[in-house]
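With chain C's structure known, arrange chains V, A and E on it following the hints.
Residue numbers (the working numbering), protein chains in the order written: chain C, 447 to 586; chain V, 447 to 586; chain A, 447 to 586; chain E, 447 to 586.
Hint data in this document are derived by calculation from the structure and do not stem from the laboratory.
A portion of the hints provided could be inaccurate.
Since the list can't tell identical chains apart, any single copy or any two copies may satisfy a pair.
What the hints assert, rightly or not - In silico DSSO-like links for lysine-lysine, alpha-carbon gap of 30 angstroms or less:
| id | residue 1 | residue 2 |
| --- | --- | --- |
| 1 | K544 | K570 |
| 2 | K486 | K544 |
| 3 | K511 | K570 |
| 4 | K570 | K555 |
| 5 | K486 | K585 |
| 6 | K486 | K555 |
| 7 | K515 | K455 |
| 8 | K486 | K570 |
Here are the chains, one letter per residue:
4 protein chains.
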Amino acid sequence: MLECACIHKVQYYETDQMGVVHHSNYFRWFEEARTELLEKAGLGYHEMEALGIVVPVLSIACDFKSSAKYGQTVAIIPTVEAYTGLRLEVSYQVVDAKTGDLRAAGRSKHAFLDSAFRPSPLPKTHPEVDALMRRLLVKS
Amino acid sequence: MLECACIHKVQYYETDQMGVVHHSNYFRWFEEARTELLEKAGLGYHEMEALGIVVPVLSIACDFKSSAKYGQTVAIIPTVEAYTGLRLEVSYQVVDAKTGDLRAAGRSKHAFLDSAFRPSPLPKTHPEVDALMRRLLVKS
Amino acid sequence: MLECACIHKVQYYETDQMGVVHHSNYFRWFEEARTELLEKAGLGYHEMEALGIVVPVLSIACDFKSSAKYGQTVAIIPTVEAYTGLRLEVSYQVVDAKTGDLRAAGRSKHAFLDSAFRPSPLPKTHPEVDALMRRLLVKS
Amino acid sequence: MLECACIHKVQYYETDQMGVVHHSNYFRWFEEARTELLEKAGLGYHEMEALGIVVPVLSIACDFKSSAKYGQTVAIIPTVEAYTGLRLEVSYQVVDAKTGDLRAAGRSKHAFLDSAFRPSPLPKTHPEVDALMRRLLVKS
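Bound conformation, chain C alone:
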């Protein structure tokens, strides 16, 4: 699972005047980890889009536990929690890469759509992508 961790160095432009990372960036880090997970599984999200699959966010949430700061590096660990062929659910842990301190924990739900934003049941429309998603689910 740790192999799926996405390493992200906190950037100055991600901080706000509270002196910590602005909370909206955690959702960008989730995306970074989610797309890297797909890529490591063998199918980059840009390749999914090229196949005519779009995977918008239906809902997303995050609990903030401690503040990530500039000068630190975080690891974002994504886990595929559910996959139905039409829907995907992923959870995330953001930890300090050095200390392991938990920064945040979150979860996102997604739909698989075609390029006209209609539901695209992967087992029928893209069996090879379906197989890849099932493998990701089992491994998590």
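Just chains V, A and E, lined up with the frame of chain C:
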């Protein structure tokens, strides 16, 4: 309640290559509406920080119902759902400003801290800010 | 010219831990003002894209004179400096909306392309858009 | 010099509806490369801030040559062009990490200030930081 709506014109830099507003921006819009609500109540968030109060986000979530697009304007309607003197909870509705179509609904939880990030119970530390928050809760 | 000023309230998410607006946001503000200028002239940028015209940035620059801060509002004043039918040049002044203090001054160059990113000489391809751009140039 | 290249994978949230990276992100990438250059030289920018040195951007500019896209990785190569003890000038080349294609070229100017935003002549106030900056200038 509609008086509290924050009007936001979708900007090009808020879109992504899916052709819609990137989901992370909704959390920025929530902040825009939340801080405008405080300001209209008589105390801008920059004035709260000047008083030594910081109000970080403890948790935040959003359900996405339909896509906001470039060329559209949204109204973000914040409602104070709970206030305890130490904690604050706000919900948000994002609707298209013209059609009223629901784009997203969300919720955030916050703590009141002092500038050293220690809990700051407003009834004791800042009774005038506490009174303002109570009025906001009742009005919602 | 002042009618073209775009009013922008500084947002918390635009600040960084230096306690001022992060410089990258000024380029977003330029875009806000540039697209609002087009819209006020009668053609929103989303309508230009719908006509098959894209107007990417070829170069952009900004001199920072003083720091915009959270709690302040800025006015961004765009001026069309040059228009050739194929190229556009716009300058920007960012001033504090209350005091008039100059925050920044910038300039951007753009090309008119078709949706396949090939040059689109507006006098030939879209004479009505060409006429609008010429009027904007004269007014500035 | 290539050792100083900062490798950045294009993120989905950095794209806009033109299907390419939004131009404002290049200035964030410059910052990423500039701060990594300092860090590799032995002094992270967060350590400079801890010493009471802030280094705001006085001016910045970028020429865009070709579009970086999602699914690509870029290398940002910073070069210290000038250093006077009070001022710093850095240039940047953004190239595709695989093909070497030039995406953009830019330049930024900075001042060294103390935490009250007054000029801080490094040779007097922080000779060890001054020495490090001089080494960076020579190496470039």
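Exercise for the section: If any of the earlier hints don't hold here, list their numbers in rising order. Expected result: As far as the earlier hints go, only 1 is violated by this structure.
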